[in-house]
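*Asks:* Now for the letters of each chain:
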Amino acid sequence: MWLLLAGGIAAASAGGAEVSADAPTDLSVTVYRSPYRGSGSINLDRLGGFALISETRTVRLPAGISRVRFEGVAEGIEPASAIVTGLPEGIIEKNREGALLSPSALIESAAGRPVTLLRSNPRTGKSERLPGKILADAGGGVVFETAAGIEALRCSGLAESFSFDPVAGLSATPTLSVLVQSREPAATTVTLSYLARGFDWAADYTATLSRDDATMDLGAWVTLANGNGVGFPGARTQAVAGRVNRESGEVEPLDAGGPILAHCWPRATTSDSPQLLQIDLTSLGGGQLGARKGIAPMALAAPQLADMMQEAQRVEQEQLGDLKLYRVPERTTVAGRQSKQVRLMDRAAIPIKIVYGADVAADAAAEAFPAVKLLRSTNDAANHLGLPLPSGSVAVFAEHRGERLLERESGIRDLAVGEELEINMGASPDVEITAIREGIDATSAPAAQRDVSERIEISNARSTPIQFELRLRLPEGARLMRADHPLGQKNGRPIFRLAIPAHANVTVRYQVRHSAG
Amino acid sequence: MRAHLLAIGWLLWPMWLVAGSSVCAADRTLSVTIYADDLALITDHRDIDVKGGRQRIEFQDVSAQIRPETVSLSAADIGIVEQNFDFDLLTPAKLMEKAVGREITIVRVNPATGAETREQAQVLATNGGVVLKIGQRIEVLRDDGLPVRVIFDKVPDNLRARPTLSVTITGGHAGIRPATLSYLTPGLSWRADYVALYDESENKIDVQGWVTLTNSSGSTYENAQTLLVAGSPAQVDGTARPTNMRYSPPPRPTVQQAGTESGSRERLGDYYLYPLAERTTIANLQTKQVSFLDVRGVPAEHGYEFRNHWLGSADAPQSAKTIYAFSTSAHAGLGDQLPAGVLRFYMRDKRGNPQFIGESRIEHTPMGSTLSLATGDAFDVKVRAVVDRRTRLGPFDWQTDMRYELSNALPKAVTVRLLQEGLWGDARITAESQKSTRRSAEVAEWAVTVPANGRADLSATFDTRY
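Protein chains in written order, with this note's numbering: chain B, 1 to 517; chain H, 1 to 466.
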């Protein structure tokens, strides 16, 4: 057994000299949003996006084979994505160790090896130091052996602990190492790039409606967050808009180390009362890295600040393949467990149209239900826009007695230049729709067909006239035979575009014909 | 005096350790063959000391997830009596349980004076709490909460610190001779990871391939000769992975044209082999990458693709997919077969720094294939598919008028490969604004050019009978 261990240590050190790369001199962080989020803001508890991190570090290589360790990489690192460039003669292999330095990892690595048992004398408080050996590791309790015999850790009620010999191969933070060969000693500058999980970003827009609802001001922040414990000081920071493919790759093994489980033999006493089953809710690592529970992103801090920030720095946009890259103009610190905001855009007096709409099945009856209010514009220069709008959340504010109040929170999907911008303002109880089936007229010969006469009533309780869009869903094979209002078509569906005066009702009648062919 | 005794005990220790175990010789040479699907064959060459006659050999340093039914030990002039795999693990609770009916030593520690009182006790039961018989009295261990140490003389034979394989052999002549132990174990797997840097101005890619092997088997394989097999031999027993029952749409095909070229790589049956050049240590929980491919300046095509399922209709325009296509042929291609894995695409930004632009999974791909990989959604190229009208022509005969509105916010014209799927065999295109090609009975395809900062419309009428 002893010989075996010695052999193992020798083999590990045969890998060559251990060299630690210097701390990064240049950092770049490019944040990508969660591929599964179409619109809306980020959730600090579940940062489903990721980031590309590039670090420039100096490495001092001795001649021959050496193992270069890159310490302090993000804990969300996907080791398979790591790229190391700038080494003189290439890389023999890249490794990421999954076992971190933790109490349980210490016990595990010391299993079968000599350790020192520390036991305090309850009277004098002095520690006894006893040579011993760990027989079994942290999995189901610790069993150790001393000259006295075999005992279990912390089952006696005495203060017991181990003191370990120095261990190689366990590091405090996830560490990437590369095995490299160099003909002569050299100091080189290498770049390490990798993808890391536990990041996300979104655009957080604030729209402020003018008093007459004819225009709005639209401003936005880029909100990005790092859920990793590792920070990136003075980093070039970018965010990429657009959805990129991610393969739900295998999660590489990582053991962040649990506590030492001092499980003992059954320890009930004659005075115990029955205990309820206790479930340990501590989740084991991996998966999503969240920053903190119960803290909302800072999106809503925006509207008041927007006016003051007109001259502040904004992100610069450039094309990256078929994606949009937003660059924070100055270096900034992306700290660990931090959410950060940089101004994306500010546009004023964007002409808008407010339209109320309803979607009804063409031949069904429906009780009165509220219409949906939509706020529309077009993403082009004529409407004071005409720039790519990355997906995110939008908070719509309206003025009331000089105060700016929140009217609606909604989402925006990725909008290219020239697309229609539509913000869903939610249901409006002022505008109600009722669908009434007035009659059915069926014939069987010569061709089986059925005509349904339908009446739709729209009421407007607002003190202003409104634009209204009534979209119909036709059943398979049905046709609209006649209608008492002009009929249009939008996205393959019949639509009535109506103007409804203030405090008025409008009735639309039409007939739908089903034919059995 | 007490310390003195302890020191003597410490000096004597190594001797009783050796006497207590029947351990194998230490020098071993490992070779590890890893298959793509969470399976590895471990071959362990070592010298064993055959004493002649019946003898038990323990192998403690095997994979913690070993499949014991696959173990085979071979050496000259030995016979295997039986193989055992013991997984009764040593824990404090098990230790106490196995001591039921036997004597242990308890040491009471007086909290006020620190004085120790030793007593012999017999363990009666361990149900809930430990019940002891001390002399003629019955006591519950630590019922009063005061410190009591429990000392066991020995670890019962069948309790082990980790699962242990033991083989009982009958040896012929005594002596040290080489033996080979081999077994299958899950917990080791590998895949390929590719890095592709796309040069937009030249339409070329540089591709590097890495094999990535991960070890979650619970054991470390030191200085092992490693061979990777690009294939997953079917496992017939229950250890095969459960299939994912959740419905997901069929993945977009990545191989456009399967290749017909052979490479110079080693093969095993129909699998390609990737031997690692040097012996390496595969530590537990380690992810290890070794390079196997580095090709520069391969021509690549960048395009757009939009797939519409049958009667797919959307209120909001949907992004077309960004596609990169390249060949794995020896001529104007990567010139190698590609083991399955993930290909990550990068592109330089305006300042020359590589940025990630998406990734795609590839299957085992023969040499000479044409690959077409989707990296993500194009921000500026969108398609809105609209079912304009469905007309019933007869009891089982429908006419469907489809319209596809394409928009391009890029300052250059693009061509979108537009695919209408779900045509079965029976859908005919009776009218269309642009000639389609029918790649199969199932799919019609158009190549639609959308002008810079402009729009293009395509319409088609389908006649379906079912």
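In case anyone wonders, no lab produced these hints; they're calculated from the structure.
Please read these numbers as outputs of a predicted model, since none were measured by experiment.
Just so it is clear, CB atoms sit at the ideal spot from N, CA and C, and this is done for glycine as well.
Incorrect hints may have been included.
Among chain B residues calculated to face chain H with C-beta under 7 Å, some are [stated by the list, open to error]: (1) Glu151; (2) Leu158; (3) Thr270.
Far from chain H, by Cβ distances over 12 Å, these chain B residues were calculated [said to hold, decoys possible]: (4) Asn95; (5) Arg154; (6) Ala365; (7) Met481; (8) Arg509; (9) Gln511.
*Asks:* Against this structure, judge whether each hint is valid.
*Replies:* Checked hints:
Interface hint at Glu151 of chain B: satisfied, since its Cβ lies 6 Å from the closest Cβ of chain H, which is below the 7 Å cut-off. At a threshold of 7 Å, the smallest CB-CB gap from Leu158 of chain B to chain H is about 5 Å, leaving the interface hint in force. Nearest Cβ of chain H to the Cβ of Thr270 of chain B: about 6 Å, under the 7 Å cut. The hint holds. With a cut of 12 Å on Cβ distances, Asn95 of chain B falls inside the contact zone with chain H, its closest approach being about 5 Å.
For Arg154 of chain B, the shortest C-beta to C-beta distance to chain H comes to about 9 Å, within the 12 Å cut-off, and the non-interface label is violated. No Cβ of chain H comes within 12 Å of the Cβ of Ala365 of chain B; the nearest lies about 23 Å off, and the non-interface call holds. A cut-off of 12 Å between C-beta atoms confirms that Met481 of chain B is not in contact with chain H; the least separation is 14 Å. Look at Arg509 of chain B: its CB is around 22 Å from the nearest CB on chain H, clear of 12 Å, so calling it non-interface holds up.
Every beta carbon of chain H lies more than 12 Å from that of Gln511 of chain B, the smallest distance being close to 17 Å; the non-interface claim holds.
Against the hints set out earlier in the document, violations occur for numbers 4, 5.
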